[in-house]
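Colleague: Each chain, written out:
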Amino acid sequence: MAFLSFLDRERSIAQPGYSRWLVPPAALAIHLCIGQVYAFSVFKIPLTQAIGITKSVPGDWTQSQLAWIFSLAIVMLGLSAAVFGKWLEHAGPRKAMFASATCFALGFFISYFGVISHQLWLIYFGYGFVGGIGLGLGYISPVSTLIKWFPDRPGLATGMAIMGFGGGAMIGSPLAIKLMAYFRTPGDVGVAPAFLAMGALYFLLMMFGVFTIRVPRDGWKPETWIAAAKPQKLITSHNVEVNTAFTTVQFWLLWIVLCTNVTAGIGILEQASPMIQELFKGSIGPVAAGGFVGLLSLFNMAGRFFWASTSDFIGRRPTYFIFFTVGAVLYYLLPKTGADYLNSVTLFVGISAVLLSMYGGGFATIPAYLRDLFGTYHVSAIHGRLLTAWSVAGVLGPVMVNYMREYAIARGADKASAYQTVLRIMAALLVIGFVANLLVRPVSEKYWLPEEKKPIEQMA
Amino acid sequence: MTENVKKSSAAAILLAWLLVGIPLGWGVYNTLLNSLKLFQATPAPTAAAK
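Read top to bottom, the protein sequences are chains A and B.
To convert, note that position 405 of the first sequence is 405 in our numbering; the numbers rise steadily by one, no gaps.
To convert, note that position 23 of the second sequence is 23 in our numbering; the numbers rise steadily by one, no gaps.
It is worth saying that the hints were derived from the structure and are not from the lab.
One should not assume that every hint holds.
Dumping the calculated BS3-like pairs for lysine-lysine here, alpha-carbon to alpha-carbon at most 27 Å [stated by the list, open to error]:
1) A:Lys233 with A:Lys446
2) B:Lys37 with A:Lys44
3) A:Lys178 with A:Lys281
4) A:Lys415 with A:Lys86
5) A:Lys55 with A:Lys178
6) A:Lys55 with A:Lys44
7) A:Lys221 with A:Lys86
8) A:Lys44 with A:Lys178
9) A:Lys221 with B:Lys37
10) A:Lys336 with A:Lys415
11) A:Lys233 with A:Lys221
12) B:Lys37 with A:Lys178
13) B:Lys37 with A:Lys415
14) B:Lys37 with A:Lys336
15) B:Lys6 with A:Lys221
16) B:Lys6 with A:Lys281
17) A:Lys336 with A:Lys281
The structure displayed is predicted, hence computed values, not measured ones.
In isolation and in its complexed conformation, chain A is listed as follows (with noise of 0.2 Å):
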């Protein structure tokens, strides 16, 4: 369609003069819009009374019913980043982000008419199914851009962007409560016409990231910049394609590294409410559990700008050797602050922090680390590949939870000391991550790309 050739690559190629920091909050407008996903838990109870207005009455949609749209579009979120990440490298970031903001936008439309319609399906196949993709191409479609923009600081770059998913849940959450009270009448929970006004405004903001986004052109490097001549031992200056990184040992490990990392962190995000209310009984209550859920929000989103940017300066792996080596100490000691043994909220809530920024850190340096293994050629697609530890973690963490949390007390411990068996199996899942990152070497010179097919900048 020829209307829409201002979305090629071509046409999105920077002209002289133009300032690389237009790039992060084009990234930014992006993933500001597709970290909602993050908050849709608060349309579930108004949706549970979509008949019933101020209760459920018979017809009314479940909890369980409309847990599945947000998993599905965890999942579509994984599947698509996966499937679609190398299109998005021969297609654009542009065109890529426009796909993004269309699916996203989209999602909320065919979702207004399964809420009007009442018809379940069609929310699943709107914010879950068509939405999901929408959220799978957001969140890798900067990744390469920022990367050749800021070859010297790629950690600061994606940490930028991935930042902005964890603050997309904490703009989403009060504006999806705002614009339901504002449509809110006797007969109507308000829900439909915040999903198309959501749709909307995100559609808008994302455009904004669609038109302002640009690739360097060929050859093009910060003016103050020169590349160093000896690169460090984990940092390569060739290039791997997705299908052949994806057969490499180093793939994998960095699977490992995000999966342990992000399960371990779901551990906590999963329990954090109940989890302080039962280890410090009777002195929280659950208006401040959710002043915790919330203060952690702002840890996981400071973590990913934090450790991402320090990784520049200690290198990908020790930024890992932290989390692994920190982290599994943290999570075995933080039972230990319960009621029970040091009785301090105040170390049990300043350990969790840390353990969420660490978290965070975890999304937000790994495209700097695969940029370091494998190049710039390809990274937004591998970094798609990857996000399928994600989706694994995203089962695996609250499924060992709960499990190993149900299996303690069965067994008779109460359920404040039930979370020490729970967190120590997190400490051991992040010892697992240790070694993973400790196995990390750099990829062998058989998969390098041909020096022919290597991309011009990085020959320049």
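Once you have looked at the hints, place chain B on chain A.
Modeller: Here is chain B on its own, set in the frame of chain A:
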């Protein structure tokens, strides 16, 4: 021949950052307000301690 380079203006860069920074700041502010509930919790009764 001198190439006519059109540099991105500082205003455009600032505007771009504001466009994403304002909603993000609003979200962080709301989350901070919510987080404060943790510190406004009733002090722990001494009986809860071992």
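Colleague: For each hint, tell me whether it holds in the structure or not.
Modeller: Hints and how they fare:
1. A distance of roughly 17 Å separates the Cα atoms of A:Lys233 and A:Lys446; the hinted pair therefore holds under the 27 Å criterion.
2. Distance hint between B:Lys37 and A:Lys44 is fulfilled; the C-alpha atoms sit about 23 Å from each other, no more than 27 Å.
3. Among the hinted pairs, A:Lys178 with A:Lys281 is inconsistent with the structure: their alpha-carbon atoms are about 33 Å apart, more than 27 Å.
4. Taken as a hint, the A:Lys415 and A:Lys86 pair is broken in the structure, with Cα atoms around 47 Å apart against an allowance of 27 Å.
5. With a CA separation close to 20 Å, the supplied pair A:Lys55 and A:Lys178 stays within the 27 Å bound.
6. Annotation: proposed proximity of A:Lys55 to A:Lys44 holds, straight-line Cα distance about 13 Å (limit 27 Å).
7. Note on A:Lys221 and A:Lys86: the hinted pairing holds, with a Cα-Cα distance of about 24 Å set against a maximum of 27 Å.
8. A C-alpha spacing of about 15 Å is found between A:Lys44 and A:Lys178, which places the hinted pair at or below 27 Å, so the restraint holds.
9. Restraint check for A:Lys221 and B:Lys37: the C-alpha separation of about 48 Å exceeds 27 Å, so the hint is violated.
10. With a C-alpha separation of about 14 Å, the suggested pairing of A:Lys336 with A:Lys415 holds against the 27 Å cut-off.
11. Of the supplied pair hints, the one linking A:Lys233 and A:Lys221 holds, its CA atoms being roughly 22 Å apart against a limit of 27 Å.
12. At most 27 Å may separate the alpha-carbon atoms for a hinted pair to count; B:Lys37 and A:Lys178 meet this at roughly 20 Å.
13. Taken as a hint, the B:Lys37 and A:Lys415 pair is honoured in the structure, with Cα atoms around 24 Å apart against an allowance of 27 Å.
14. With a CA separation close to 24 Å, the supplied pair B:Lys37 and A:Lys336 stays within the 27 Å bound.
15. Taking the CA atoms of B:Lys6 and A:Lys221, the gap is near 17 Å; set against the 27 Å cutoff, the hint holds.
16. At most 27 Å may separate the alpha-carbon atoms for a hinted pair to count; B:Lys6 and A:Lys281 exceed this at roughly 63 Å.
17. Distance hint between A:Lys336 and A:Lys281 is fulfilled; the C-alpha atoms sit about 14 Å from each other, no more than 27 Å.
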